[in-house]
Every structure is written in structure tokens, then in C-alpha cells.
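Enquirer: Make a model of the complete structure from these sequences and hints.
Sequences listed follow chains A and B, in order.
This note's numbering applies: residue 1 is where the first sequence begins, and numbers increase by one.
This note's numbering applies: residue 338 is where the second sequence begins, and numbers increase by one.
If you are wondering where the hints come from, they were derived from the structure by calculation, not from laboratory data.
Honestly, I wouldn't trust all of these hints.
Among the chain B residues that face chain A by a calculated CB cut under 7 Å, a handful are [as the list claims (entries may be wrong)]: (1) T362; (2) R364; (3) R368; (4) R441; (5) L443.
Derived list of chain B stretches under chain A, where covered just means 3 residues or more per stretch with a C-beta under 8 Å from a C-beta of chain A [claimed, not checked]: (6) 348-361; (7) 444-457; (8) 467-481.
Derived pair list, reagent style DSBU-like, types lysine-lysine, alpha-carbon separation capped at 35 Å [to be verified]: (9) B/K601 <-> A/K74; (10) A/K18 <-> A/K74; (11) A/K74 <-> B/K399; (12) A/K273 <-> A/K258; (13) B/K601 <-> A/K112; (14) A/K18 <-> B/K598; (15) A/K220 <-> B/K601; (16) A/K273 <-> A/K227; (17) B/K601 <-> A/K138; (18) B/K598 <-> A/K138; (19) A/K112 <-> B/K598; (20) A/K22 <-> A/K227; (21) B/K598 <-> A/K17; (22) A/K17 <-> B/K601; (23) A/K22 <-> B/K598; (24) A/K22 <-> B/K601; (25) B/K399 <-> A/K18; (26) A/K138 <-> A/K220.
Values in this document were obtained by computation on a predicted structure and should not be read as measured data.
Positions of the beta carbon are idealized from the N, C-alpha and C atoms, including for glycine.
Each chain is listed here by its residues.
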Amino acid sequence: MAIDLAVRAEGLSKTFKKGDVKALVDFDLEVPVGQVVGLLGPNGAGKTTAVRVLSTITRPDQGHASILGYDVVKQAAQVRRTIGLAGQYATVDEQLTGTENLTMVGNLCHLKRSSVAPRAAELLEQFGLSDAADRPVKTYSGGMRRRLDLAAALVARPPILFLDEPTTGLDPQSRLALWDVIEALVAGGTTVLLTTQYLEEADRLAKDIVVIDHGSVIAKGTPAELKADLGNTVLELTVESDDSAITVAGLLADLSTKQPHVDGPSVELTVDKGPSVAAEALRRIDAGGFTLIGLSLHEPSLDDVFLALTGKKTEVDTSALADGSAGRGRKSSKETA
Amino acid sequence: MSDLAINPTATTSLRWAVSDIATVTRRNVIRQFRVPEAIFFSTLQPIMFVLLFTFVFGGSIKVAGGYTNYLMPGIFVQTMVFGAVSTTIGLAEDLQSGLLERFRALPMSRAAVLGGRTSADFMRNMFVIVIMTAVGLMVGFRPQPNVLDYALACVIMLLFAYSLMWGFAYIGLAAPNAETAQLMSFPILFPLTFASSAFAPVAGMPGWLQAFAAHQPVTQAVDAARSLMLGGTYYNPGAIWASLAWSVGLLAILAPLAVRKYRKV
Chain A
1 MAIDLAVRAE GLSKTFKKGD VKALVDFDLE VPVGQVVGLL GPNGAGKTTA VRVLSTITRP
61 DQGHASILGY DVVKQAAQVR RTIGLAGQYA TVDEQLTGTE NLTMVGNLCH LKRSSVAPRA
121 AELLEQFGLS DAADRPVKTY SGGMRRRLDL AAALVARPPI LFLDEPTTGL DPQSRLALWD
181 VIEALVAGGT TVLLTTQYLE EADRLAKDIV VIDHGSVIAK GTPAELKADL GNTVLELTVE
241 SDDSAITVAG LLADLSTKQP HVDGPSVELT VDKGPSVAAE ALRRIDAGGF TLIGLSLHEP
301 SLDDVFLALT GKKTEVDTSA LADGSAGRGR KSSKETA
Chain B
338 MSDLAINPTA TTSLRWAVSD IATVTRRNVI RQFRVPEAIF FSTLQPIMFV LLFTFVFGGS
398 IKVAGGYTNY LMPGIFVQTM VFGAVSTTIG LAEDLQSGLL ERFRALPMSR AAVLGGRTSA
458 DFMRNMFVIV IMTAVGLMVG FRPQPNVLDY ALACVIMLLF AYSLMWGFAY IGLAAPNAET
518 AQLMSFPILF PLTFASSAFA PVAGMPGWLQ AFAAHQPVTQ AVDAARSLML GGTYYNPGAI
578 WASLAWSVGL LAILAPLAVR KYRKV
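Expert: Structure follows, in C-alpha cells:
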């Protein structure tokens, strides 16, 4: 067994009886020691289930996973001594103070009695929570709560850290602050498996990105590799009707290395040189006698990654489509984990 | 790099289990003190019951030794049995908040969450006994002057309440949320406490109800407490043994059920 792997998962499958949801389907993952791997996918893709299996909270139906060589099912106790878990599903006690929360976790990790209090104080200091140390957590802001949650995961200095959507729901400032903290941890040698819905977050923190959808890995690579696959810019054009969009897509096909994507009256192209391609596209649309209603140029988003990888939008709500209000939204994808 | 020992010995594991239960117990006790309103009202409720029952039914229920003396052991048991709702709610809340998820990923003993919950509730029941004894004495409760018997009565009631808690722990883990957990408890709590000898003699109930009331565990616990606290007409060593047997039996069935449920949630 290769011990230089911090996390190894092979063929993990997990189906939830409620609604017969396949949360993981033949899921594979490798995280080398000392690296940061980002598990990227939309809500309901299976990210949280993957983390729950890897952190021994739930058992897989099929497949194997090991953490530093310890099997997550057969050697769960050992696994729990090597991991820290933070994020949307790990949590802190609202009624307890920051210090009490960290002390409790320290005791439950069986740190030496004498080192529990100093460790708690050290973490509170490190995460800028010293002033709030003796206040009940229910008085904390969202950002403070996440920092305490992360601190709780670090009490026993675990060599491997699972961060499940650590910044989801945070304001931009708190998000940046948390990113700094995570980067400092990584610089200190901690192995991190990070799940996120944000390409930007995976891009900033992770050396390797694994893209997951419907419980399976659909792509992996460095952020640069994934972006190169995508092209640098996404050009979106909206014309007067769905039929026109199909014709326009044909007119513009040679401007991109990828097949244009038509969604209602919109055409999407992933391109390398946004502005000049946009100018050329406008000329052709004008020459063809079509009416341009909207135009936008933007950096690839997670939606675009999915579009490029799977040829479809991530999770489009069909009921919303039916009443014509779907737009670019995919809010209604279900969290199955 | 890591502060964690990977392979503990058996004695270390046991020491850790005890220490983990103590840690979770402490956490639950702290939580109770963080909500002073809850302490106030949960203390007020049994006091209110004592006063209401004494003054409302005291005149019409004729029992040997006076109604207040008859009632007090019943109120003790009723309060502790109702207290098991906090076991249910506490666990349901921890499940709902996601704290149990964190606990499950920690290298702590698997017994700590349920052990810590029931230990904290056991301690709360000890507090209840002290308060209720004081209130009882104020409204005219006169137990026989034997401290040892009184203490033994308390032990029997505490044991009974403790074994029952495990059943309510199961409900807390099975319920979809804390509110529902509470609602699910009532259909068990009310018949168990009211169709018993806690507030009125079983002999006055219709025959079909007597069959249940005379043999169910709350009646045994109340009769056992009466036997030890009051003696005389109420002397009933059979009830003491029956209550102890019920406690052991309930614990033997309910605790494994709750533990199994905890492993699955």
C-alpha cells in the first residue's frame, strides 16, 4: 500500500434509501501527502457524501477508502485520530463559549490535560477570536463561527484536514480571511481535501482539482489545465428567437475550438481572445440580418466548466424551465447528502 | 506532528471512555446553566404540580396519612419521568444542529454522547429531588423520620428514571426534529404517569384500567418510594423489588436499542 497517499478512495458507491438517490457512483480519489486537492461540483454532486465517507461518519455501500493507509470502515478509530473535519456539517455548540468548545474537543481528542487549555488559547489567538473567547458562540457572526469551527478541527493538529464548503454562505471579506488561514495551514504541511462549489476557491487554494457530478469524477487536473480546456473567456450572445440562435450558432462555429452551446435564444462560445472574437461575431450576426438582444463576456465559471465537460448545464430545474424563468439559474439542484 | 496516539491499549480505551462521558456530561450541564429560564421554569413546574394537586384534589381524595403525604412520592416519580423529555430534546437538537456529526468524526468513545446525555439528566434529577423535598416539607409532607430509607427511596426513583431515559434517548435519535421528538414523548408519558398510583389509588379506577395501572413500572416505582418514605400502611417490600427489577430490565432492553440507533443515525 502506498503510504505516500493521504487519502485514497476506490470505487466508492453510496445510495440513500430515501428517494433512492445515488450520492456516489464508483467514486475514485487520490490525495498525496502534503497536497491540497479541491473537490469541485454543484449542490448534490456528492461532495459532502464523499467527505462523510472519508471521515468515517457514514459507511460506503461499495468500494474502499483509506486515510494514511487506515481503512475508513475497519480502522475507523485510527482514521479519526488522523483527521480534522470542518465545514457545513461539522459544527460548534451554540451555548458554549469559544474556549469551552475548543476545550471540549481537546478533551475528546485525548490531548494531555495540561495542554488542552494552552492549545485552545493558541488557536483562538491564531484565528482572531481571543476577544470573543468567553462569549457563547450564539453571539458570534457567521465568519467567526466558521473560524471557530475550523479551529475545532485543528485542536489535535491532525495531519489531514477535510474542509467541506468552508466558505459557503460567507461574505467576501470573511471568505478572503478564511482563505488566508487555509493557505497558512497548507504552508505548514497539512494535507487538505477541500470541497467547494466555487471555481475561484478551488483555483486559489488547490493544487489539483477533481470535478464531481452525479456522484462520479468527470474530470481532474490542475486549475490551469482545466481552464486551458475551457478557453479563457465565455462569450454569450442572445438573439431574437430560438430558431435564430441555432442558425447563429452555425455561423459562429469556427470561432471556437468547442461546439457552440445553444440554450433557448442564447448562444455560448468559449474563446481565447474574447474582445476580437466578439467583434467578429457581431459582424457576422449583423451581416446575417439577425437582431442582437444581449451580449456578455465573462471568465469561465463552474457552470462553464460543466458545460465544457458534460455538454449540459449543471442542474437545470425543469419546472423553472417550463414557466420560462430558468435563465442561467440552477438554484434548485437538490442537496442529497 | 500530530498530538494523537494511534493505537491505545485496552486500559487506555476504558480511561478515555470514562473521560469522554465526563466531558460530554460537563458540556450538557453547562448548557443547562446557560439557559437560566429553562432551569427556573423546569423547577417551577413540579412546585406548581405539588401545590395544585395538594389543594385541588387534597380535599376529595381520602387516603391514609393524608393526601399530601400520599402525593409526594408520586410527584417525585412523575417529575423525573417527565424529565426524560429533556433527554429526547437534547439528543434531537444535537442531531439537528450537526454537532453529532462532529462528534462522530472525533476519536472519542462511541458511548460518550448517550452516556454524557443520560448522566447529565441523572444529575438534574438529583437536583429535582432536593428542590421537591424542600417544597414538600413546606406544604406539609411528613415522611417517616428515617434518612436511610428516604435515601434508598431516592436511589430507587433515580434508577427507574435513568433506565427510562434510554427509551427517550431512542425517540430523540429517531425523531425528525426536536419539536416532533417532544410531541412523540407525550403519548407515552401521560398514560404512564396518570394511569398509575402516582396521584390516586389504583383501586378507584375502572377494572380494565386497574389491570394496567397496578402492574406498570411507574406504579411500582411510586409504591416502592411510598413504602420507604411513609412506611406503615404503605409498607410494600414487593414493590421495591419489582421496581428494581423493572429498572434493570428496562435498562437492559432500552440501552442497547438506543446505542444501536445512535450507531445508525
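Enquirer: Against this structure, judge whether each hint is valid.
Expert: Against the structure, the hints come out as follows:
no. : hint              : in the structure
1   : T362              : violated, 11 Å
2   : R364              : holds, 5 Å
3   : R368              : holds, 5 Å
4   : R441              : holds, 5 Å
5   : L443              : holds, 5 Å
6   : 348-361           : holds (count 5)
7   : 444-457           : holds (count 3)
8   : 467-481           : violated (count 0)
9   : B/K601 <-> A/K74  : holds, 16 Å
10  : A/K18 <-> A/K74   : holds, 26 Å
11  : A/K74 <-> B/K399  : violated, 64 Å
12  : A/K273 <-> A/K258 : holds, 14 Å
13  : B/K601 <-> A/K112 : holds, 31 Å
14  : A/K18 <-> B/K598  : holds, 17 Å
15  : A/K220 <-> B/K601 : holds, 33 Å
16  : A/K273 <-> A/K227 : holds, 14 Å
17  : B/K601 <-> A/K138 : holds, 29 Å
18  : B/K598 <-> A/K138 : holds, 29 Å
19  : A/K112 <-> B/K598 : holds, 32 Å
20  : A/K22 <-> A/K227  : holds, 29 Å
21  : B/K598 <-> A/K17  : holds, 17 Å
22  : A/K17 <-> B/K601  : holds, 13 Å
23  : A/K22 <-> B/K598  : holds, 23 Å
24  : A/K22 <-> B/K601  : holds, 19 Å
25  : B/K399 <-> A/K18  : violated, 56 Å
26  : A/K138 <-> A/K220 : violated, 39 Å
Checked against the numbered hints given earlier, the structure breaks hints 1, 8, 11, 25 and 26 and satisfies all the rest.
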